[in-house]
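Following the hints, position chain B against chain A.
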Amino acid sequence: MPDPHIDLTVIVSGQPTTVRANPHAPLQTVVAKALEQTHNTGQPPENWELKYDGKVLDLSATIESFGFPAGANLFLTLKAGIGGDV
Amino acid sequence: METSSQVVDPDVSRAKFEREVAQFRGLAGAYRERGWFLAEADFPIAIVVMAARNLRPSAVVTGVRFDYTDYDLRPPSVRLVDPYTAEPFASKDAPTNLQRAVRTTQLAFPGLPEGIAVPQLIENQPLLQAYGPEEIPFICLPGIREYHDHPGHSGDAWELHRTAGAGRLVRLLEVIDRYGTSPISQYNLEVRIQGYGQAEVPQ
Numbered sequence: 340m341p342d343p344h345i346d347l348t349v350i351v352s353g354q355p356t357t358v359r360a361n362p363h364a365p366l367q368t369v370v371a372k373a374l375e376q377t378h379n380t381g382q383p384p385e386n387w388e389l390k391y392d393g394k395v396l397d398l399s400a401t402i403e404s405f406g407f408p409a410g411a412n413l414f415l416t417l418k419a420g421i422g423g424d425v
Numbered sequence: 273m274e275t276s277s278q279v280v281d282p283d284v285s286r287a288k289f290e291r292e293v294a295q296f297r298g299l300a301g302a303y304r305e306r307g308w309f310l311a312e313a314d315f316p317i318a319i320v321v322m323a324a325r326n327l328r329p330s331a332v333v334t335g336v337r338f339d340y341t342d343y344d345l346r347p348p349s350v351r352l353v354d355p356y357t358a359e360p361f362a363s364k365d366a367p368t369n370l371q372r373a374v375r376t377t378q379l380a381f382p383g384l385p386e387g388i389a390v391p392q393l394i395e396n397q398p399l400l401q402a403y404g405p406e407e408i409p410f411i412c413l414p415g416i417r418e419y420h421d422h423p424g425h426s427g428d429a430w431e432l433h434r435t436a437g438a439g440r441l442v443r444l445l446e447v448i449d450r451y452g453t454s455p456i457s458q459y460n461l462e463v464r465i466q467g468y469g470q471a472e473v474p475q
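For the record, the sequence lines run as chains A and B. Quick note: the first sequence uses this note's numbering, first residue 340, plus one each step. Quick note: the second sequence uses this note's numbering, first residue 273, plus one each step.
Keep in mind that the hints were calculated from the coordinates and are not lab data. Source: prediction; values computed, not measured. Warning: the hint list may mix true and false statements.
Claimed, not checked - Heads up, simulated BS3-like pairs for lysine-lysine below, C-alpha to C-alpha not over 27 Å straight-line:
#1 A:K372 <-> A:K394
#2 B:K288 <-> A:K390
#3 B:K288 <-> A:K372
#4 A:K418 <-> A:K394
#5 A:K390 <-> A:K418
#6 A:K418 <-> B:K288
#7 A:K390 <-> A:K372
#8 A:K372 <-> A:K418
Next comes chain A alone, as it looks inside the complex (with noise of 0.2 Å):
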């Protein structure tokens, strides 16, 4: 039977690493674990966002629902948060 996982490269703030996922489960699964992965630890998942081709993704929706392609590049930055005040 064939593995149902597939390999994702994230981006972490410029540093890359693979992520094994399941196909069925929510994307949010693979910003936790890339930022596992980078030990970027220093802020919590909810401040972070992903981008595919220049839009940001919905980390509820299942990551089959994107239809990655193989080769696909996932780029997961910390939000821009607060400023533009002083």
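Just chain B now, kept in the frame of chain A:
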């Protein structure tokens, strides 16, 4: 443009700077597709040129100058610069003010039935701040030296953001891209016909 003097062991800051540059170069193709080009990388300075890739024809929008002196005891200094001269833009010349929409006060409607959505005001708030049109603006964002050095942000220390990678090259480019270059999607051209209305009788 001058750099500030280094007080951290230069080997430490240099190694961290080179890690940032190496990781960028490792994915240079992916960043090029997004309109990001590493133009210069010589410790402690890196300059990235950013283009609006959604425009046709595409256009170079800005350069971004990073100064990683004392990184990561201190966050990097970041300025929007002319991509051709590397000189920082004065506020009046900046090609973007990194406008973003933020939710502000939630309006109060006494007596509103439960379950009804309460309107919330949305305000445009530029991340690029300056005190006058001739001043060199700074990016008001945690993870940037100018933000943490500002007396108004003494309660939001760099140390609170350092371990989350707030000062990393790609993270800062992502923010500038999101609020600065990505939203630029079309030219707004105006055509004016000149030469009419002259009070002369044609010969």
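Verification of the supplied hints:
1. A:K372 <-> A:K394: holds, 21 Å
2. B:K288 <-> A:K390: holds, 25 Å
3. B:K288 <-> A:K372: holds, 24 Å
4. A:K418 <-> A:K394: holds, 14 Å
5. A:K390 <-> A:K418: Judged against 27 Å, a Cα distance of about 11 Å means the pair holds.
6. A:K418 <-> B:K288: holds, 22 Å
7. A:K390 <-> A:K372: Satisfied, since the Cα-Cα distance of roughly 16 Å is no more than 27 Å.
8. A:K372 <-> A:K418: Given pair K372 of chain A, K418 of chain A holds - Cα atoms ~18 Å apart, limit 27 Å.
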